[in-house]
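Residue numbers (the numbering used here): 14 to 669.
FYI, nobody ran anything at the bench for these hints, they're computed from the structure. Backbone N, C-alpha and C define an ideal beta-carbon position, used for all residues, glycine too. Treat the hints with caution; some may be incorrect.
Claimed, not checked - Below, in silico cross-link-like pairs of lysine to aspartate or glutamate (EDC-like), each with a Cα-Cα straight-line distance of 20 Å or less: (1) Lys53 - Glu63; (2) Lys103 - Glu50; (3) Lys53 - Asp179; (4) Lys39 - Glu331; (5) Lys150 - Glu206; (6) Lys39 - Glu55.
Claimed, not checked - What follows is a set of in silico ranges between Cβ atoms, one per label pair, in the way DEER data are often shown: (7) Ser59 - Asp132: 40 to 50 Å; (8) Met327 - Phe464: 42 to 52 Å; (9) Pro563 - Glu641: 43 to 53 Å; (10) Glu641 - Lys544: 43 to 53 Å; (11) Ser328 - Leu164: 53 to 63 Å; (12) Arg233 - Ser59: 22 to 32 Å; (13) Val104 - Asp374: 49 to 59 Å.
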Amino acid sequence: MKLPRIENVYRLDIPRGLQLSVRRVKNTFQLATTAIEQPKVELYPSLRVEGDLWRYQSGNNLVEVEGGKERIIKCNLFECEKAWEVFYAKVDDSIEPILRLGNKYVFDRRVYSKVIRRDSSFLLINGKDSLVLMGGKEIPVEPPLSARFSLAGISLLYQDETLFIDWGGRRTNFNIRGTVLHFQDGDLVYKNEEGALIRNGKAIGICREEAEVVFLSRDRAILSCGKNLMIYYNSGWINLSRDFDIRRSSASENYIVVTDNGKTAVYDMDLFQLFGFKPCTTGVGLRKGIFINESLITSVIDLGELETMTLEVMSEGEGKLKLPKGYEISTLGSVTALDYSRDHEYSNYLIENLGRDSIIDLTIRSPFLEQTFKFELPSANITVSFEGILQCAKDGGKVKVGEGNCVLLGSAMLSKALKSASLLRIDIEGHKFILKLEPNQRYLKVFLSLFLYNIKNIFPLKLTLEVDTKEVYTTELILTRTFVDPPREWRSEIRDLGHVKVRIWRSENDLFVWERKWYTPTYDQKLVINKFTQETKGSKVSLVKVPGKPPFISLGLENVIENVVLKVEGNYLIVEPIVRTLIPLQVYYGTSVYTGFPVKILLPLDPVYNRVIIRSFVGNIIFEKELEMNSLNIALNNAIKVATAIKDRLESIGVL
14 MKLPRIENVY RLDIPRGLQL SVRRVKNTFQ LATTAIEQPK VELYPSLRVE GDLWRYQSGN
74 NLVEVEGGKE RIIKCNLFEC EKAWEVFYAK VDDSIEPILR LGNKYVFDRR VYSKVIRRDS
134 SFLLINGKDS LVLMGGKEIP VEPPLSARFS LAGISLLYQD ETLFIDWGGR RTNFNIRGTV
194 LHFQDGDLVY KNEEGALIRN GKAIGICREE AEVVFLSRDR AILSCGKNLM IYYNSGWINL
254 SRDFDIRRSS ASENYIVVTD NGKTAVYDMD LFQLFGFKPC TTGVGLRKGI FINESLITSV
314 IDLGELETMT LEVMSEGEGK LKLPKGYEIS TLGSVTALDY SRDHEYSNYL IENLGRDSII
374 DLTIRSPFLE QTFKFELPSA NITVSFEGIL QCAKDGGKVK VGEGNCVLLG SAMLSKALKS
434 ASLLRIDIEG HKFILKLEPN QRYLKVFLSL FLYNIKNIFP LKLTLEVDTK EVYTTELILT
494 RTFVDPPREW RSEIRDLGHV KVRIWRSEND LFVWERKWYT PTYDQKLVIN KFTQETKGSK
554 VSLVKVPGKP PFISLGLENV IENVVLKVEG NYLIVEPIVR TLIPLQVYYG TSVYTGFPVK
614 ILLPLDPVYN RVIIRSFVGN IIFEKELEMN SLNIALNNAI KVATAIKDRL ESIGVL
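Generate the whole structure from the sequences, applying the supplied hints.
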């Protein structure tokens, strides 16, 4: 099995959104796009870019990209605001707008009635004169009866002749009425007004749709007719494709490359398909081909020099696959890759066939090719066997390790140790377990605990071996459940849970444990009260277990003093504590103290002291809140109020 040799791979750095095509110019390939202006990009023999300026149209705007920086240039003419559409054309070294205003077009202040466009080339028509804009040139022409662009240039039809202008601006007059599709070295192909395809005066076919020449040789013609790709050979036509993309397809003396329906196919001249590629923009020569994928990764491929893929069988189920440089395994199917290495010419895979068939399918890919090939590699014929028992405890017994009342105990064995890590999935009565096997591990001990309360005694056991998410082997066995009685020997212990004491009778063997419990209430649960703050971890109420001692309840209390209101009335400081519950408290202010329950507390105002301390008591827990006040200012303000009141009173009775 062979693959075309990949000579070179590189990524194109061009603006997104442009349509691409590849032109063959003698022994080179060049990139063509729908941009108005672009650098010269040579794709082969090597990538060579001359210039850095890109100009292209986006909507009604002109986009300019240079040095990796993008600039959007809007049409700034007054008429642009009224224009239905704006087109741009290159004229000499500048980019000029063409404005569509209703049913007329304006260019350089001249009005035209009709525009024919192909990418960034235009034919502007009015009743007196017409203008062709191609390749940065203005080419005045007489108004034609009709006109059409082709891959060769533009054809303008007059009463008795056709004026043909190629993309270099060269003018040629032909005594025909039709669209020139090809004119080079005296070889002329055109389509007349009746749809006949004429080559050097001889009719070679009929096309009622738009036609293009893809490739010509002395005895062959490859043309498009609408979406159809047609090949003229031995005086007959063969339809190779009914939905091909002419921009992305190409042909040469030896190959035809067709991009259609999401794929690219390479054919020889006998129309035998050689390769199937991912959809690409292509250009092809005598042997070399240029392939540009949708990520702009570009490859130079030698279609005439094929390289061999080899698979060497190393042992039963194992083989060494050698792929040419630039290719890799995409899909393994029933195969897993054990190791990978790469040298200058090849990629080397050590693979293992885990399927039941010796014929394996491997999908090989590159940035451009993805194809499935068949190889022969003897199967490892992996099987899985299991020997073990299913035991369940009677009379309410439980497993000692894990959770459940039953134990699946035994060992699984592979018929052959795998080089890959694998998973063994075990499924029994809805319980699913996954066990891992390391590379080269053949035996696996199984000890699984589970709950089984079904009255039946026979259960199916399903074993599935997986490698890299691929199911390698599946089998189903039948297990008969056996029951285990508790031993005759029992021992007892007493556990103090605080509010209750539990007497436990316990019996056990290697796998199971049985317990019988009797509860006696004590009506006694120790309670410890602690402060509870925002920094305290845990809940306000929690059960605390201390080894060797009965558990107790820890109750965390927040500060019961929510707030304190201070007011001054006359010569007294009034303290009103706001609390969550009725508890005793003490209030300290200067030399005064109050001890009792929360009420409205009156203390003599003393200008010397500014601090008020309130303490509350819950058992031996003390909560404290402290407030500061300016007693001197309060006393002075209060004295001023009293003096003012006395003065007003005396004035009212005529004393002052």
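For each hint, the structure was consulted:
no.: 1; hint: Lys53 - Glu63; in the structure: holds, 5 Å
no.: 2; hint: Lys103 - Glu50; in the structure: holds, 7 Å
no.: 3; hint: Lys53 - Asp179; in the structure: holds, 19 Å
no.: 4; hint: Lys39 - Glu331; in the structure: violated, 49 Å
no.: 5; hint: Lys150 - Glu206; in the structure: violated, 28 Å
no.: 6; hint: Lys39 - Glu55; in the structure: holds, 12 Å
no.: 7; hint: Ser59 - Asp132: 40 to 50 Å; in the structure: violated, 27 Å
no.: 8; hint: Met327 - Phe464: 42 to 52 Å; in the structure: holds, 47 Å
no.: 9; hint: Pro563 - Glu641: 43 to 53 Å; in the structure: holds, 46 Å
no.: 10; hint: Glu641 - Lys544: 43 to 53 Å; in the structure: violated, 23 Å
no.: 11; hint: Ser328 - Leu164: 53 to 63 Å; in the structure: holds, 58 Å
no.: 12; hint: Arg233 - Ser59: 22 to 32 Å; in the structure: holds, 31 Å
no.: 13; hint: Val104 - Asp374: 49 to 59 Å; in the structure: holds, 58 Å
In this structure, the earlier hints numbered 4, 5, 7, 10 are contradicted, and the remaining ones agree with it.
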